[in-house]
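Undergrad: Each chain is listed here by its residues.
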Amino acid sequence: MTIDASTAGAGDVPTSREPSADAFLDRVTRALRVDRELQLEVRQELRSHIDASIAELRNAGRTETEAREEAQRALGDENDLADQLFRANRRRIRLRALAAWVVRLVLPAATVALILMLAASAALSYGMFNGTFWRAGFYDWYRNRAFAQLAPDVRALVEANEGTADAQTAVAKRLADQHPDDRALYANYASAAARREMFQRSNGAEDPEFPIVNEPLLQETLAIIAEGERRDPDNAFYPLQAATLLFEASSAIAEDPTQEIRRPGAKREECWWTLKVRKPDRFAQALALFDRAIAKPQFRNYDEELLRRKIDGMPRPRRLPELAFQASAIGGTRWPLQGDQTIYSMLIHATDAARAGRVAEANDIVKKIRHLAALILADTHRTDHTSYVLSFDTSADEAAARIAMTIGDARAAEEAWKRFEATKNSHRAARQAVEARRNVAVAGAAAWNYYLPQDADLTSVWRAESAASHQLGFAILSTAGLALAVVYAVAALPAWLMSPRGAKPPRLFIGRRRMARVIALGVGLPVVLFFAGGWLWEMLTRQHDLNVRIDRVVLKYGVLAAVILLATHTLLRRAIAARAAELGVSLPPPPPNGTRRRLAIFALAASPLIVIAVAVSPAASLVTLRDKTAQSLIQFALLAAFWIVLAVVVVRLASAARRRGWPGAIPLAGSLPRSAFPVAAVAALMLALLGLPMRWSESRAMDVAGGKSLLLPSDPARSPYAALTEQLLAREGVARR
Amino acid sequence: MPVSQELIKGTVVPVVLALLEDRARYGYEMVQAVNARTNGALVWSEGTLYPVLHKLEADGFVAAEWRDATAKEGGRPRRYYTLTRAGRRELKRRSAEWRTFATAMGEFFGRVRANNGPTTTPGGVR
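Going line by line, the protein sequences match chains E and D.
Going by my numbering, the first residue of the first sequence is number 1, and it counts up by one from there.
Going by my numbering, the first residue of the second sequence is number 738, and it counts up by one from there.
Any given hint might turn out to be false.
A short, non-exhaustive set of chain E residues, derived as facing chain D with CB atoms under 8 Å [unchecked claim]:
1. E45
2. L46
3. D51
4. A52
5. E70
6. A74
7. L75
8. N79
9. L81
10. A88
11. N89
12. R92
13. L566
14. A581
In short, the hints are calculated from the structure, not lab data.
Cβ coordinates follow ideal geometry from the N, Cα and C atoms, glycine included.
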C-alpha cells in the first residue's frame, strides 16, 4: 500500500511515518488484515493518536525518538492491543464481509430480476405499439396463458373466432350442440358455417366472373341455416344469410360502363353495376329468401349478446396487454351478418329491373332495402356497424335516383339525388366525428385500439400507456446503472488479480451518509428534475404526457440515463477520494488534459463496438419512426452516447492506472472501481424499484377505465350516428331493440 | 492515590459514554480529558480505549466519523465519536448502575469503618 504523505502529515508537525512506526502499526493491526479497509481505518486512528501524543511529548522536551517510544508504550502491550482490537471488531468484520457478498450477489441479481420484470412488462405493453405483440410466437404464448384462466364455455366461444373458418365452425358447432336451446350459440354456429370457403374464383374457369361452387359445402351450410330459421322463426337473420350464399352461387356483380353518370354536384363520373345471373333458379330462390327475410318482424344476429357473454367470462383486465388481448379475442369489429352481398345484389337487381322496364318492382326492392336497413339498425350497437348499416340506406337513395333517371323522371331523380347527397353528407360528418377521436390515438395505441369499440374513451388507456412507458424508462435507467456497476466490476477484477498478495486494492466503503448523498444527488435529483420538468412542460404547453411515442420515451430516458451515469460517477469519485484521504490512501488523480486526445482515440477505436451494440441491442429495435433514416440516426445516437459514457469511464480508470506506473498502481487504481461497485449496484436497484409503482399506475388506470367497460359498445344515444339512426328507425316505423 | 488497572477497567465504558454526552470527541482527546478531570487518579492504558470505542461502535452506542482537524491541531483527519440515541440510553443505565454500586460500596465501607471504629464493642466485624 502506498501512503501519501501530503494527505496524512503536515509541515513541521512530528509524524509517526517512520518505518518503526509503520512496523508497530502493522503489528497491532495484523489480525484485522482480513478486512483491509478496517485495518486501514484502525491504523489511521492509532497513527493519529500517536502523532498527537508525540507532539505533546516533544513540547514537553522529549527527543523525537523518546517521544515516539513513549507514545507507543502508552498504548500498552502490542499483543494485548492487537488481540483486543480483533475481539472488538470481530463481529463487524463478519457483518461487513456478509454485506459485501450480499452486494456482490444479491443486489445485481435482484436488480436484473426487477429490470427483467419492468422490461417484460413494458415490452408487452409496447409490443402492442410496434406489432411484436401480435407476432405468432409471442401472441400464442400470451394467448395460451390467458386462455388457461377462462371458463371452458367462454374459452370455446372465444376460440370460435380464431383459426380457419372450418376450425371456427367445428368449435361453434360443439358449443351449439352442448346448448341446443341457446339461440345465440346457434346463430354463432350458422355465422361461422357461412364464412367457410365454398366459392372459388379461378381465372382458368369457364366463366371467370362466376365462382366455382363447392356444392356439398353450400348445401350443408344452407341446411344449417334452415335449421336456425326453424329454431328462431321470427328472425330475418337466417333467410338473409341463406340469400347471401345463393346470390353469390347464382350471380356475379359486374361493373357496367354504360351506367356511368355524373350526378349533380359530383366532380367526376361515378360507376354502377349490373347483375350477371348464371343460375336463374337459384337466383329466384335467393329473391324468395330476401322477401321472406323482409316479412320477419325482427333481425337478430346475437352479436352483442355473444360479445357480452365473452366479456363477462373474462377476468377484469389489469394491464394493457390483457385489455388488448381481450379486445382482439372477442372478435374485433368483424361484420357478423355477411349480408352486404344480398343488399347490393338486390339494389343492382332493382336498377337492372328499372332498365328492363319493371319500375314498380325496382321501387319495391328499394323500399324493402330501406326497411331491411332499419331492421338491422335496430339490432346494431357498435358504432362501426351502425355506420355500415346506415350506408345501406344511402345506397338505396342512390339506387332510387338512378331508377328515376332510367325512367326519365328528372324531378324525382333530382329529389332522390338531393336526399342522397344530404344523407351522405350527414353520414360523412358523423364518420369524421368518430375518426377525429381515433386520430388522436394514432401515436400511441394505433396498433391495437382497432380492436376496441370505435368510440371508446381512450384517456385511461393513454394513462396506462404512459405508465407503461415509465416502466420501460426505469428499466433503461436501471440497466444503465447496472452497466456502470459491471464496468466497475470488470475494471476492478484485473487490478485485484494482478496485484501482489497482501497488497490487494482495498475496498473503501464510503459510508452511509456519503452513499445517501451520491444516490440522492446522482440519481434522485436527476429523476426528480426530469419529472418536475415533465410536469412543468405539461403545465406550460397543456400537452399531457399521454398518448406516448416509444421513440420519445427511449430518447428521453436515454438522455436521463447518461446524466445519471455521469453524475453518479463524478460524485462517487469525489466520495471515494474523500474516504481515501481519511484513511491515508492515495488514489490516482484524474488524468490531465493531455490525455483527452488519448480518450478521443480510444473512443474512435471503440466505435466498432458501438456499431455492434447498435446491431445487437434489443433496445434499438424499440425505436420506431416512420422516417427510417431518422430512426437509424436516433438509434445510433442513443446507443453511441451510452457506450461512449461507459468507454470514457473505463478509459479514465485505465489511463489513471497507467500514469501511476504499471503494475505498481494497480492496487490503488483497483480501489476506485471496487469501492464504486456497491454504490452503482444500489443505484441500479433503486432505479428499478422506482419503476415498480408505475406497474401499479398502469393497473390503476385500467381500474379507472372500468376494464371490461372499455370493450363494450358505448351508449348508442351518445354516438355521432344517433340522429341518423333515430331518423331512419322513425321513418321505417321500427323500434330499437 | 492511583486506582488499580483492574478497577479502572470497569469504569472505561461509562466514562467514555459520559465524555461523549455533551460533544463529539476523538480518542486522544478523551484520554486527556479523563486525566484532567480525575487529576491523574484514573490512568488509562491508552490502548484500552480503542477496542472499547470499537465495541461501542459495533453495538451501536456510538457513531464515528472522520473530520479534518484545524491547522492549529495539526490538520490531520481525526476519528470523532458521538453518542447515538441508544448510547444515551446506555449512559443513563450505566450512570444509575454506577450510582447504585457507588452508594452500596460507600454504605458498605461506612459500615465497616463504623464497625471497626470503637474498640469497646465486643465481637468486631462479623
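Undergrad: Are any of the numbered hints broken by this structure? If so, which, sorted upward?
TA: 5, 8, 13
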